[in-house]
Every structure is written in structure tokens, then in C-alpha cells.
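Participant: So you can see what is in the structure, the chains are spelled out below.
Number of protein chains: 2
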Amino acid sequence: MKDIIIIGVGPAGISAAIYLKRAGLDPVVIGKDYGALSDYPEKVENYYGFGEPILGEDLIKEGINQAKRLGIEIIRDSVIALDQIDDHFKVKSVEHKFQSKTVVLATGKKRQTLSIPGFNKFKGKGISLCASCDGYFFRRKKIAVIGCGPYMAHELDVLKEINQDITVFTHGSPLLELVSFPVVTSKITRFLGTDKLEGIETEDGNIYQAQGIFVAIGAPSSIDFATKLGVVVEKNSLVVDHTYQTNIPGLFAIGDVIGGKLQIAKAVYDGMMVSDHIKTYLKSK
Amino acid sequence: MKDIIIIGVGPAGISAAIYLKRAGLDPVVIGKDYGALSDYPEKVENYYGFGEPILGEDLIKEGINQAKRLGIEIIRDSVIALDQIDDHFKVKSVEHKFQSKTVVLATGKKRQTLSIPGFNKFKGKGISLCASCDGYFFRRKKIAVIGCGPYMAHELDVLKEINQDITVFTHGSPLLELVSFPVVTSKITRFLGTDKLEGIETEDGNIYQAQGIFVAIGAPSSIDFATKLGVVVEKNSLVVDHTYQTNIPGLFAIGDVIGGKLQIAKAVYDGMMVSDHIKTYLKSK
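Chains U and W, in that order, give the protein sequences. Position 66 of the first sequence, counting from 1, maps to 66 under the numbering used here, and the rest follow consecutively. Position 2 of the second sequence, counting from 1, maps to 2 under the numbering used here, and the rest follow consecutively.
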């Protein structure tokens with residue numbers, strides 16, 4: 001029986017592991033995907049401490065090495081099931097099975113993607129998945145936001161501080177939020193451009209100029225384990241109390257998956273903070 | 001008139017500057033000392049993202065370079081005075097003067113202190129850390145100012161309006177400023193007195209009468225500035241609300257100086273979080 005299994009090898013999970021290890025505990029970290037950061041095509045510029053921008057993927061690797069250096073056990077495997085049995089948890093990955101008194105969910109939120117011609121070509125060259133990350137680069141450009149719900153509205157809130165030349169594309173979905181910008185509801189058929197993004201072509205044959213596109217469709221999500229266990233989810237985020245504990249005793253969640261700012265600094269902070277609460281929880285058992 | 005001046009070049013201040021800049025604002029960061037991290041003899045192992053441990057001093061340098069790369073104005077100078085005038089602030093450093101709508105205190109927790117016998121005993125009973133706060137109480141007493149640089153000179157400027165019976169003690173350091181008062185360069189070995197401060201003993205065996213001593217070594221800390229402005233301080237931390245604002249509108253504080261975990265991850269998080277609140281504050285003006 002393990003004391004602590006952390007699912008996720010990103011900033012939140014590794015930061016938690018580092019603080020727990022240094023507090024004399026023995027966390028095990030399991031995860032394969034690098035999560036949101038590995039998809040992120042731009043280098044990271046806004047996480048403190050790096051004179052030169054660092055690729056998300058490289059940052060994740062640094063974090064894993066940092067944890068290993070401290071003697072933390074890291075298992076590079078995909079977790080495929082998480083179950084609760086009595087007062088503990090069963091964690092099943094492709095190649096391993098564990099039991100643990102506590103589990104920390106730190107797998108992040110699946111990021112946006114679109115199967116539209118040009119999406120992959122222009123991702124990072126005009127197409128962005130994060131308004132607060134990249135909005136500033138497009139402060140004097142024509143901007144499009146793709147989405148129809150609260151996530152789109154949120155990105156719009158961020159962007160309108162920087163730029164007023166914004167059009168919302170719902171990509172065929174009904175608009176669920178009131179917005180004060182032009183709205184195009186026709187489906188997007190293609191992203192246009194040569195080296196850089198230049199425009200959007202829609203099903204009705206129109207072409208719209210756009211140098212920056214922010215994708216914010218539906219909600220950014222991957223919360224299957226938690227949903228299955230009956231964790232309270234609100235607005236596509238796991239609900240946790242002030243100790244980062246979900247409504248299931250011993251099940252903690254940190255990082256993007258609990259919402260708030262989807263930022264490395266916040267994930268790292270969560271990881272630091274949860275360690276104290278896990279110590280307290282284990283002591284109370 | 002600047003929008004935002006951040007005092008402090010450590011993790012909290014630089015993180016705030018990065019987020020503000022990327023939100024389209026134009027923060028100016030002023031600071032000279034590296035703060036707590038530079039004194040820290042061990043390498044940093046628990047701040048996420050470094051496969052190899054990093055010296056605190058090197059981390060600070062990385063952060064400064066990171067900010068500069070983003071076009072943030074960084075002024076390597078000691079702030080020696082902060083005053084509130086109407087609805088804005090005047091910031092004075094050794095070589096510059098600024099006015100700003102908001103100020104962020106991020107200089108860490110280091111306070112003026114001296115490991116000299118009698119210091120703690122007479123702190124508040126003759127030994128003061130703020131000339132403009134306490135100078136008036138000593139208007140008819142013998143006063144000593146301890147310090148050798150611009151901060152000392154600034155405190156002297158304040159005090160000489162109130163009292164002319166002043167001696168400057170450099171406590172073994174070379175005098176860096178021209179002053180029109182007697183100067184003692186010998187090291188201080190003891191503060192003398194029974195209930196109240198009565199004098200200063202120096203290494204060369206001399207004893208000087210003094211009922212009031214003002215310590216002005218190096219540069220003032222955030223707590224020193226804040227105390228002078230009437231910010232509520234509890235347990236040696238500045239009290240801020242959930243927006244990181246002190247009881248003085250437009251004066252924000254982040255990092256070690258507001259207490260909580262004295263950790264880099266927390267300081268960086270504070271910096272990220274305060275940026276939104278500063279944007280909101282500036283917009284409300």
C-alpha cells in the first residue's frame with residue numbers, strides 16, 4: 001500500500017512530489033503524456049526563472065529530472081483506471097497496479113484541437129490555444145476567436161483588453177454567450193495563409209482576414225477518472241476544498257484540472273500547497 | 001506619470017512584471033538587492049523546472065534577463081523613499097524619481113536590523129527604523145543615524161528639519177555621501193542604557209550619548225516603506241486583501257513581505273495573481 005500516488009508528470013504533479021519528498025514522504029508519480037505543455041508550440045516565456053524561453057516539453061523533462069534527482073519514483077505509463085475501494089484507491093496503468101491511501105489528480109486539462117485543413121500548419125503560427133499566453137503578440141492584428149460558450153467568452157474577455165478588432169466564429173454551433181463583437185456562425189472549412197496565417201474560409205464561401213486565431217471550443221477537459229468516481233465537477237473543473245481535496249476523502253486534485261488560471265506558476269503553487277494537506281490527511285488516518 | 005512601479009527584482013516582482021507586460025501594460029521594476037535568495041547558501045532544489053539545482057543568485061539573474069527580454073524596463077537602483085501624494089505615489093531611488101499610479105512592494109522581508117548587543121532591547125525605545133515616522137519624538141534629543149549611503153542621506157534630510165544635534169555612524173563602512181554633521185566611522189559594539197537608550201559604544205572605546213538612533217543601512221525594505229505610509233502590519237507582514245492591495249488604495253504587496261509560505265513558488269504565484277488586480281484597479285481610475 002502506497003501513501004501517495006500522483007497522476008501526472010507536469011508542473012503540478014512534480015511540484016507536489018518534490019515538496020512531499022522533502023517533507024519525508026514517499027510519493028509515486030505516474031504519467032505518460034506531457035499534457036498541455038507538450039502541445040504548446042511556443043516556448044514558455046511567462047514562468048519565472050528562465051532567461052531564455054524554454055520549450056514546454058523541455059520544461060517537463062527538467063521537472064522530471066529534478067524529481068528523479070531527489071529520489072522520487074517516476075513511472076512513465078498511462079493510467080487507465082482509478083477506483084475507490086473502502087478507504088483507499090486502486091490505480092491501474094497499462095503496465096502496473098497500485099493501491100494507495102491518497103491519490104493526487106494532476107493530469108491537466110485536455111487542450112483544444114480542430115480537424116480543419118490548416119489547423120496543424122498554423123498552430124503556433126497564428127493559431128493559439130491561450131489568449132492570456134499569446135494575446136499580446138496580436139495586439140495590432142485582426143483576431144478571431146473560435147468557440148460558442150463560456151470558454152470562448154472568457155478568452156474574449158482577455159483579448160478585448162488588448163485588441164478590439166475581433167470576430168467570433170462559432171464554427172456551426174449556436175452562440176451560447178452574449179458577445180459585443182461580430183459573430184460568424186458558418187462552419188470553418190479552411191485556415192488560409194502561406195507561411196503565416198492570413199485568414200479563415202467558411203462553408204458559405206466567405207473569406208475573413210485573421211492574423212491571430214484563438215481556439216476556445218466547448219471546454220478544455222479530460223476529467224474522466226474523477227467523473228467516474230463521483231467527484232463534483234463544475235464548469236469542467238474538479239471541485240476541491242481549501243485543502244485541494246475533492247468530495248472523496250483522500251482524493252486530491254491540483255493544477256489545470258481544478259480550474260483557475262491555466263498557468264505553470266499556478267500549477268506549481270498548487271503542488272507546493274497540497275503537500276501540507278496530504279501530510280495532515282495521512283497523519284489523521 | 002507611470003502606471004505601475006514594482007519595487008523589488010526577486011521572483012515576486014519580476015513575475016508580476018512579466019504578467020503585466022504581457023497583458024499590454026508597461027511596468028517599471030526598480031531594485032538593487034537580490035533579497036533573501038542571494039543570502040541563501042544552498043542551491044534551490046524545490047522550485048519546479050530545474051533538472052539541476054540552481055543558486056538563488058543565478059535564479060534572480062535569470063529572472064531579470066527574462067524580464068529584459070520581454071522589453072520590461074528594469075532599473076538597478078535602490079529605492080530610498082516612497083511617498084503618497086493625493087491619489088498617486090512618488091518613488092525616489094538613488095538616481096531617479098518617478099511618479100506612479102500604483103506601486104507594488106516586492107522587496108522581500110528583510111528589515112533593517114543590526115546584530116549588536118542592545119539592538120533588540122532598545123528597538124522602539126530609542127532605536128527607530130523610520131526617520132519621518134519617529135523623528136519628531138526626538139526633536140530635542142541627541143540623535144544618531146547609522147548608515148553610510150543614500151538611504152542614510154535621505155533620512156538625514158528628514159531629520160535635519162527637526163533637529164541639528166545629529167551624529168552619523170557608518171559602523172565601519174566608508175562614508176559614501178557628503179554630510180554636514182559629525183561622522184564616526186568606528187564599528188558600533190554596543191547600545192547603552194537602562195530602560196531607555198542612552199548611548200553608543202564604539203570599537204575604539206569611545207562612548208557617544210544618543211537618545212534616538214535611526215538605522216538606515218543599505219536600502220529600506222517594503223515593511224519600512226509601508227510602515228511609514230501607514231500600512232497595516234501584523235506579525236511583521238503587510239496586511240493585504242484578496243487583491244493583494246494594502247489598506248492604501250493603489251499600493252499592492254506580494255511575496256515574502258505579505259507572509260504565508262516564504263517560498264519561490266508562492267512569490268511567483270503572487271506576482272502572476274496581482275497582475276489582474278492591478279489591471280482592474282487602473283481601469284477603475
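Please note: incorrect hints may appear among the correct ones.
Not close to chain W: a few residues of chain U, all C-beta gaps over 10 Å, as computed [what the hints assert, rightly or not]:
1) Pro11
2) Gly24
3) Pro41
4) Tyr47
5) Tyr48
6) Asn65
7) Ile75
8) Ser78
9) Asp83
10) Ile116
11) Lys141
12) Glu161
13) Thr189
14) Lys196
15) Val231
16) Lys285
Straight-line C-alpha distance at most 25 Å; calculated BS3-like pairs for lysine-lysine [to be verified]:
17) W:Lys68 x U:Lys43
18) W:Lys61 x U:Lys160
19) W:Lys101 x U:Lys160
20) U:Lys160 x W:Lys2
21) W:Lys279 x U:Lys142
22) U:Lys283 x W:Lys261
23) U:Lys261 x W:Lys279
24) U:Lys142 x W:Lys101
25) U:Lys141 x W:Lys279
26) U:Lys61 x W:Lys43
27) W:Lys61 x U:Lys43
28) U:Lys68 x W:Lys43
29) W:Lys261 x U:Lys125
30) W:Lys283 x U:Lys261
31) U:Lys279 x W:Lys261
32) W:Lys43 x U:Lys160
33) W:Lys61 x U:Lys61
34) W:Lys261 x U:Lys261
The hints are simulated quantities; they were obtained by calculation from the structure and are not laboratory data. Where a beta carbon is used, it is the ideal one built from N, C-alpha and C, also for glycine.
Participant: Determine which of the earlier numbered hints do not hold for this structure and return their numbers in increasing order.
Facilitator: Of the numbered hints, 1, 4, 5, 6, 12, 18, 24, 29, 32 do not hold.
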